[in-house]
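Enquirer: Build the full structure now, drawing on both the sequences and the hints.
Residue numbers (the working numbering), protein chains in the order written: chain C, 213 to 303; chain Z, 328 to 733.
Treat the hints with care, as some may be off.
From the structure, some residues in chain Z lie toward chain C, with a derived Cβ separation under 7 Å [what the hints assert, rightly or not]:
{"id": "1", "residue": "466"}
{"id": "2", "residue": "467"}
{"id": "3", "residue": "468"}
{"id": "4", "residue": "471"}
{"id": "5", "residue": "481"}
{"id": "6", "residue": "483"}
{"id": "7", "residue": "485"}
{"id": "8", "residue": "492"}
{"id": "9", "residue": "495"}
{"id": "10", "residue": "510"}
{"id": "11", "residue": "514"}
{"id": "12", "residue": "531"}
{"id": "13", "residue": "541"}
{"id": "14", "residue": "544"}
{"id": "15", "residue": "546"}
{"id": "16", "residue": "551"}
I should point out that these hints are in silico values taken from the structure, not numbers from a laboratory.
We put the beta carbon where it would ideally sit given N, CA and C, even for glycine.
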Amino acid sequence: MKFFATISKREFLTEGHRREMLGYPVSTVADIATDPQLEARQFFARVAGSAETFCGAFAILDGKRPALRHAPGAPVATAPRRQRQRSGGQP
Amino acid sequence: MTALPQALAGLKVLEFGGYAAGPHIGKMLANFGAQTIHVESHDRPDGFRVQYPPFKDDRVGYNRSGCFAFFNDSKYSVTVDLKKPAGVELARRLAKWCDLIIENMRPGVMERLGLGYRMLAAPNPRLVMLSTCNMGQTGPRADQPGFGSQLSALAGFCGMTGVPDGPPMLLYGPYIDYVASLLGASAALAAVFKSRRSGKGCHIDVSQYECGLMFMAGALQDYFASGRLAQRRGNDDADAAPHGAFPCRDGEWVALSCWSDAEFAALAATIGKSGLAADPAFAALAARQAHRVELETVIAAWTRSRTADAAAEALQAAGVAAYPVVTMAGLFTDPQLHARRNFRVRRHPEMGDHCYCFPGFDLAETPGDIIGPAPCVGADNDFVFRDLVGLTEAEYESYRSQGVFG
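Expert: Here you go:
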């Protein structure tokens with residue numbers, strides 16, 4: 213306990229990673245919002261029509277994180293019916 | 328075993344890895360008919376087989392683990408020694424046969440084994456691979472090893488759990504693994520759907536940490552918007568009072584919440600204290616929060632004289648959100664779970680009759696099932712490699728003599 217009182221959470225996280233230790237600090241939302249890991253993976257996202265920051269898509273596909281498509285409550289753009297039929301295959 | 332057609336019949340799934348986060352995805356797919364093969368070896372079995380209790384009759388053994396059984400029913404098990412070049416070659420043949428690979432190794436391990444997505448997708452372009460790990464495949468801490476029980480702390484869950492003046496509380500079990508595996512299953516199915524339409528698979532990178540943050544989205548959004556730091560507050564809630572667990576007869580507990588003044592009035596009437604709803608000390612949310620101790624004392628006096636089931640039933644009948652705090656034993660006697668066949672007994676070669684857990688969702692026209700018990704380690708080598716992959720007898724014997732099925 214005395215040892216842990218001498219290091220910050222971020223130091224514990226960084227050094228724990230370097231030493232391949234099992235263990236994580238107890239984060240606040242501020243810690244999460246500034247986590248370099250999430251920043252590197254561009255997890256937090258904004259969308260047109262909103263000044264707010266959101267959690268981004270939960271998966272990365274072929275190296276790219278899908279963009280958030282619209283702000284909460286905003287209308288969802290849909291492809292014209294004819295185009296959807298053309299691009300579709302088996303249901 | 329169901330005789331009805333299943334939604335995922337014909338889908339061929341391969342799993343590399345172990346524990347919960349990867350295998351739980353494969354289990355859900357297997358329950359709906361996907362032919363799911365769990366790849367391990369005698370030297371490197373799934374960690375759940377040997378590391379975590381409970382074990383049948385408290386004796387540790389590859390085929391005696393309750394944890395392994397929980398996440399691996401309805402699958403086949405094969406053993407392939409990936410340290411041998413011939414083992415890697417055999418794994419590639421399996422990958423050519425399948426539609427979807429789920430792996431939860433540390434990032435880079437599949438590539439180092441010669442089983443990276445690009446290599447496997449070259450001869451099988453429709454292949455979908457889902458990689459799930461603590462941090463995701465990229466980023467400065469991508470290779471950090473870890474388990475869900477501690478990852479829940481990094482993702483903010485533990486800091487929000489506990490009383491304000493006390494320490495953060497660790498959650499029961501690898502909570503975040505369940506968030507990530509349910510999201511992972513939906514991503515995998517969407518990618519398979521797209522692959523069948525387009526002929527092109529993809530690699531899905533799932534970070535269990537990021538999946539867990541979906542659970543924290545409200546608190547994070549509040550922080551970004553206002554700078555407010557969400558704090559743990561015991562059982563209290565900003566928008567509900569009362570909101571907590573109350574002692575009942577025989578050491579039982581009931582959890583209840585009132586999210587409006589009308590719900591509180593219903594609770595007050597149910598406990599025989601209708602006057603509380605008009606009392607300025609309790610009528611409105613802020614007043615109830617200010618007089619929390621007095622209010623909880625009154626409610627506890629009522630709950631203590633009842634069983635948890637009776638208290639919950641009376642409150643539910645009045646429109647108040649309430650449930651008994653159920654023990655493990657209580658889950659197995661819950662009539663609701665029984666009616667929905669949540670637990671299904673299947674006979675395991677070593678553990679005997681064992682209760683398996685069905686997913687919390689089902690399909691009306693193509694219902695899922697616990698197709699079979701969790702497999703014994705390597706039990707399906709013959710069937711998978713001869714009948715599914717189509718090895719000739721000479722090939723099978725060659726792999727066997729090289730110790731590939733180790």
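Enquirer: So, for every hint listed, does it hold in this structure?
Expert: Outcome of the hint check:
For the restraint placing residue 466/Z at the interface with chain C, the shortest Cβ-Cβ distance is roughly 4 Å, inside the 7 Å limit, so the hint holds. Taken as an interface hint, residue 467/Z checks out: its beta carbon lies about 6 Å from the nearest beta carbon of chain C, inside 7 Å. Here the hint on residue 468/Z is kept, as its CB sits about 5 Å from the closest CB of chain C, short of 7 Å. The criterion of a C-beta within 7 Å of any C-beta in chain C is met by residue 471/Z, whose closest approach is roughly 5 Å, and the hint holds.
Because the closest C-beta pair between residue 481/Z and chain C is about 4 Å apart, less than 7 Å, the hint holds. Checking residue 483/Z against chain C by beta carbon gives a least distance of about 5 Å; that is within 7 Å, so the hint holds. Contact between residue 485/Z and chain C, as hinted, is supported at the beta carbon level, the nearest pair being about 5 Å apart and thus within 7 Å. About 15 Å separates the beta-carbon of residue 492/Z from the nearest beta-carbon of chain C, more than 7 Å, and the hint is not met.
For residue 495/Z, the suggested interface contact is upheld, since its CB lies about 5 Å from the closest CB of chain C, less than 7 Å. A distance limit of 7 Å between C-beta atoms decides the matter here; for residue 510/Z the minimum to chain C is near 5 Å, and the interface restraint holds. The closest approach between the C-beta of residue 514/Z and any C-beta of chain C is roughly 5 Å, which is under the 7 Å cut-off, so the hint is satisfied. The criterion of a C-beta within 7 Å of any C-beta in chain C is met by residue 531/Z, whose closest approach is roughly 5 Å, and the hint holds.
Taking 7 Å as the C-beta cut-off, the interface hint given for residue 541/Z holds, the closest approach to chain C being about 6 Å. This hint holds: residue 544/Z has a C-beta 5 Å from the nearest C-beta of chain C, less than the 7 Å allowed. Because the beta carbon of residue 546/Z sits about 5 Å from the nearest beta carbon in chain C, less than 7 Å, this interface hint is met. Below 7 Å, beta-carbon pairs count as interface contacts, and residue 551/Z has one with chain C at about 4 Å; its hint therefore holds.
Of the hints listed earlier, the one the structure fails to meet is number 8.
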